[in-house]
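Taking the hints into account, I'd like the entire structure generated from these sequences.
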Amino acid sequence: MIAVSVNEKLKDGLHDQLFEAVLQLKSLEECYEFFEDICTVQEMKAISARLEVARMLRAGDIYEDIVKKTGASTATISRIKRCLNYGTGGYDKIMERMAAADPDFFEKGRHKK
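Take our numbering: the final residue in the sequence shown is number 114, and no numbers are missing along the way.
Don't take each hint at face value.
Unchecked claim - Each pair of labels, with its calculated beta carbon distance range:
no.: 1; residue 1: Arg98; residue 2: Tyr64; range: 21 to 31 Å
no.: 2; residue 1: Asp17; residue 2: Asp66; range: 36 to 46 Å
no.: 3; residue 1: Val42; residue 2: Leu19; range: 10 to 20 Å
no.: 4; residue 1: Tyr64; residue 2: Glu21; range: 32 to 42 Å
no.: 5; residue 1: Glu65; residue 2: Glu108; range: 10 to 20 Å
As the list claims (entries may be wrong) - Once the Cα atoms are required to be at most 35 Å apart in a straight line, the calculated DSBU-like pairs of lysine-lysine come out as:
no.: 6; residue 1: Lys109; residue 2: Lys69
no.: 7; residue 1: Lys94; residue 2: Lys109
no.: 8; residue 1: Lys94; residue 2: Lys46
no.: 9; residue 1: Lys10; residue 2: Lys94
no.: 10; residue 1: Lys94; residue 2: Lys69
no.: 11; residue 1: Lys46; residue 2: Lys109
no.: 12; residue 1: Lys12; residue 2: Lys70
no.: 13; residue 1: Lys46; residue 2: Lys10
no.: 14; residue 1: Lys27; residue 2: Lys109
Simulated from the structure, these hints should not be mistaken for laboratory data. In this text, a Cβ means the ideal position worked out from N, Cα and C, and glycines have one as well.
Below, the structure written as structure tokens:
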């Protein structure tokens with residue numbers, strides 16, 4: 002994977018403020034509270050589904066299974082795959098950390114609906 006730099010158009014005070022706020026969260030419960038306030042239910046589902054799509058792609062799942070489990074469109078899955086292959090490395094960095102904390106990370110959900 003070739004990592005590219007973060008899009009400079011996104012770097013501004015508002016984004017910095019948001020990311021600094023996220024870095025202040027100390028627990029899963031605080032994350033739920035913050036994101037429930039800042040996002041709609043649909044936005045949260047979409048963000049959560051994107052991480053799950055990335056996890057499933059890295060775990061070797063096929064598009065058909067990913068669509069069934071996450072409800073993501075094939076266009077969304079393709080976009081995430083493109084990010085995994087040519088993006089900044091953000092998905093992989095987080096998933097590597099999650100896998101280090103939970104060795105079964107890439108197997109999670111494979112048999113759940």
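Hint-by-hint comparison with the structure:
1. About 26 Å separates the C-beta atoms of Arg98 and Tyr64, a value consistent with the hinted range of 21 to 31 Å.
2. Separation of Asp17 from Asp66 is about 37 Å and conforms to the stated range, judged on CB atoms against 36 to 46 Å.
3. Remark: the range hint 10 to 20 Å for Val42 to Leu19 is upheld by a beta-carbon distance near 19 Å.
4. A C-beta distance of roughly 36 Å is found between Tyr64 and Glu21, which places it inside the suggested range of 32 to 42 Å.
5. Checked against the given bound of 10 to 20 Å, the beta carbons of Glu65 and Glu108, roughly 19 Å apart, stay inside it.
6. Straight-line distance between C-alpha atoms of Lys109 and Lys69 comes to about 15 Å, which keeps the hinted pair within the 35 Å bound.
7. For a cut-off of 35 Å, the pair hint linking Lys94 to Lys109 stands: about 18 Å separates their Cα positions.
8. Note on Lys94 and Lys46: the hinted pairing holds, with a Cα-Cα distance of about 21 Å set against a maximum of 35 Å.
9. Under the criterion of a C-alpha separation no larger than 35 Å, the hint pairing Lys10 with Lys94 is consistent with the structure, at around 22 Å.
10. A threshold of 35 Å between alpha carbons decides the hint, and for Lys94 with Lys69 the separation of about 26 Å falls inside it, so the pair holds.
11. A hinted pair counts as satisfied when its Cα atoms are at most 35 Å apart, and Lys46 with Lys109 qualifies at roughly 18 Å.
12. For the suggested pair Lys12 and Lys70, the alpha carbons sit about 33 Å apart, so the restraint of at most 35 Å is met.
13. Distance check on the hinted pair: Lys46 and Lys10 sit about 26 Å apart at the alpha-carbon level, within 35 Å; holds.
14. Distance check on the hinted pair: Lys27 and Lys109 sit about 24 Å apart at the alpha-carbon level, within 35 Å; holds.
Of the numbered hints listed earlier, not one is contradicted by the structure.
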